[in-house]
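Visitor: Given next are the chains, with one letter for each unit.
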Amino acid sequence: MWTFFHKLGSPPWLYAISGSILKYLLPATLLALGVGMVWGLLFTPPDFRQGDSYRIIYIHVPAAAVALAGYYVMATAGAISLIWKMKMADIAMQCCAPIGAALTFVALVTGSIWGKPTWGTWWVWDARITSMLILLFLYLGVIALYEAYDNKAAAARACAVLSLVGTVNIPIIYKSVDWWYSLHQPASIKFTGESSIHPSMLYPLLLMIAAFYALFACALLLRMRAEILDRERRTGWVRKLLEADAV
Amino acid sequence: MSAPSLPAFCLRLVRRQLVLAVRRPVEILNPLLFFAMVVALFPLGLGPDPKSLASFAAGTLWIIALLSNLLTSDTIFRGDYDDGSLEQLLLAPQPLYFSVLAYLGAHWLLTGVSLALISPLFALMLNLPLEALPALVASLLLGSGVMSLVGGVGAALTVGLKRGGMLISLLILPLYMPVLIFGSAAVRAAAQGFPAGPQLAILGAMFCLAIALAPLATAAGLRISIDA
Chain S
1 MWTFFHKLGS PPWLYAISGS ILKYLLPATL LALGVGMVWG LLFTPPDFRQ GDSYRIIYIH
61 VPAAAVALAG YYVMATAGAI SLIWKMKMAD IAMQCCAPIG AALTFVALVT GSIWGKPTWG
121 TWWVWDARIT SMLILLFLYL GVIALYEAYD NKAAAARACA VLSLVGTVNI PIIYKSVDWW
181 YSLHQPASIK FTGESSIHPS MLYPLLLMIA AFYALFACAL LLRMRAEILD RERRTGWVRK
241 LLEADAV
Chain B
1 MSAPSLPAFC LRLVRRQLVL AVRRPVEILN PLLFFAMVVA LFPLGLGPDP KSLASFAAGT
61 LWIIALLSNL LTSDTIFRGD YDDGSLEQLL LAPQPLYFSV LAYLGAHWLL TGVSLALISP
121 LFALMLNLPL EALPALVASL LLGSGVMSLV GGVGAALTVG LKRGGMLISL LILPLYMPVL
181 IFGSAAVRAA AQGFPAGPQL AILGAMFCLA IALAPLATAA GLRISIDA
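Heads up: the protein sequence lines correspond to chains S and B, in order.
All the letters of the first sequence, read from the start, carry residue numbers 1 to 247 under the UniProt record's numbering.
All the letters of the second sequence, read from the start, carry residue numbers 1 to 228 under the UniProt record's numbering.
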């Protein structure tokens, strides 16, 4: 168990293992995304009140869910890097921020495109929407802080502290639709008790959520591999790798 | 000479910050002057109609208080970082948690408390109903405490950077937003004749949470900035 944990700190090992994970994960992700998209957009029944416009949930809900989960991944990686001074956790944390920011942005944009025909407005200052906007600012703050430091080791530690401080906001965002009366509907999918969404619409949605989690993992691993190569570009194993590629 | 006890050490730190500020009174007066000037901007921008001013007054006053807190939070550690006394503080045997708490407490006394005490004057200029004044002062007292503590985290993380001024606002504004929501809600509730107790209670809870956690993050941030 602990040897596995310690091996995670080694760049060549992580590079190799992430390569073999991606070989299976990337095709599986693309397949799940494709199936989920076609199923959700073409083969589910239209909503009796919203017609076809509700189909945007197959992008909106997964993007929003993974954007929130991505913040926890970033903060956890930050905590690991602060506690065990693990270089690879630094890289994971730093690579989470742009992906999470992009997903939050996608969730906000798809929500506003859906809001125009349904609520009659592009934007409302509702608790859930405002708190997602705050999440976007938190992600952008981490990116801005990282870019401001010249010393990348200090930058990673500073970002770790900032992302841990920011975690106080995440439960508030998650619970905002239950705590405040808001225009945004409360969560339709429940792990305990009956979901308020029909199974014919629910299954493609669950598939899309799983696909987005996998997509997040793929994007994270791809970014981490690029970052590892960049940081280790003066070492022997990277040179050997590049020479082997060039032949 | 033996080392002072912890409370005495913290009190000395607070007194030192206050003495430094009193010797340069401009530092205390600038945030208040900023507050007064921005208050004057709102009637100019929104029109001088007393009714519309009154409906915006609660939010306006809170946003200005937030901004003047933000502008001063950059300076909490700046001077001591530049002359090296911050490094001595990190080397001192007393736990950094308490010395940081003393610094942030002094910042709160200098900006937040003074702003809260003078805010009724500006509230009357913006036509805020009289019965909302106690809620305004109470919410600003609690809320500015939270903002000083959270601002300390941002100040500690950016104190080593040359161009920290803009960055610190990007880092801590998202964390100020919950304070603004409940602070201005308390004043609005009082202005409409409802009790402001629930919102003030939540602000108080935030204040307690910030006292417990923010100095930890600030201390970690200072160590990173000194190392870098």
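Source of the hints: derived by calculation from the structure; they are not laboratory data.
A couple of the hints might just be wrong.
Okay, the calculated beta carbon distance ranges per label pair [to be verified]:
hint, chain 1, residue 1, chain 2, residue 2, range
1, S, Ile143, B, Gly79, 40 to 48 Å
2, S, Trp84, B, Gly193, 50 to 58 Å
3, B, Pro50, S, Lys85, 54 to 62 Å
4, B, Pro48, S, Leu202, 32 to 40 Å
5, B, Ala3, S, Gly19, 42 to 50 Å
6, S, Ile143, B, Ala212, 22 to 30 Å
7, S, Pro45, B, Pro50, 38 to 46 Å
8, B, Lys162, S, Pro45, 56 to 64 Å
9, S, Phe5, B, Pro7, 27 to 35 Å
10, B, Leu18, S, Asp150, 42 to 50 Å
11, B, Gly79, S, Lys85, 41 to 49 Å
12, S, Gly34, B, Met37, 24 to 32 Å
13, B, Leu209, S, Leu241, 21 to 29 Å
Subject to a maximum C-alpha distance of 30 Å in a straight line, what follows is the list of computed DSBU-like cross-link-like pairs (lysine-lysine) [as the list claims (entries may be wrong)]:
hint, chain 1, residue 1, chain 2, residue 2
14, B, Lys51, S, Lys87
15, S, Lys152, S, Lys175
16, B, Lys162, S, Lys152
17, S, Lys7, S, Lys116
18, S, Lys85, B, Lys51
19, S, Lys116, S, Lys152
This one's a predicted model, so the numbers in the text were calculated from it and none came from an experiment.
Using N, Cα and C, we set each Cβ at its ideal position, and we do this for glycine too.
Visitor: Hint by hint, say whether it matches the structure.
Guide: Evaluated hints:
no. : hint                            : in the structure
1   : S:Ile143 x B:Gly79: 40 to 48 Å  : violated (29 Å)
2   : S:Trp84 x B:Gly193: 50 to 58 Å  : holds (55 Å)
3   : B:Pro50 x S:Lys85: 54 to 62 Å   : holds (60 Å)
4   : B:Pro48 x S:Leu202: 32 to 40 Å  : violated (56 Å)
5   : B:Ala3 x S:Gly19: 42 to 50 Å    : violated (56 Å)
6   : S:Ile143 x B:Ala212: 22 to 30 Å : holds (28 Å)
7   : S:Pro45 x B:Pro50: 38 to 46 Å   : violated (56 Å)
8   : B:Lys162 x S:Pro45: 56 to 64 Å  : holds (59 Å)
9   : S:Phe5 x B:Pro7: 27 to 35 Å     : violated (42 Å)
10  : B:Leu18 x S:Asp150: 42 to 50 Å  : violated (35 Å)
11  : B:Gly79 x S:Lys85: 41 to 49 Å   : violated (31 Å)
12  : S:Gly34 x B:Met37: 24 to 32 Å   : violated (58 Å)
13  : B:Leu209 x S:Leu241: 21 to 29 Å : violated (48 Å)
14  : B:Lys51 x S:Lys87               : violated (58 Å)
15  : S:Lys152 x S:Lys175             : violated (35 Å)
16  : B:Lys162 x S:Lys152             : holds (16 Å)
17  : S:Lys7 x S:Lys116               : violated (50 Å)
18  : S:Lys85 x B:Lys51               : violated (58 Å)
19  : S:Lys116 x S:Lys152             : violated (43 Å)
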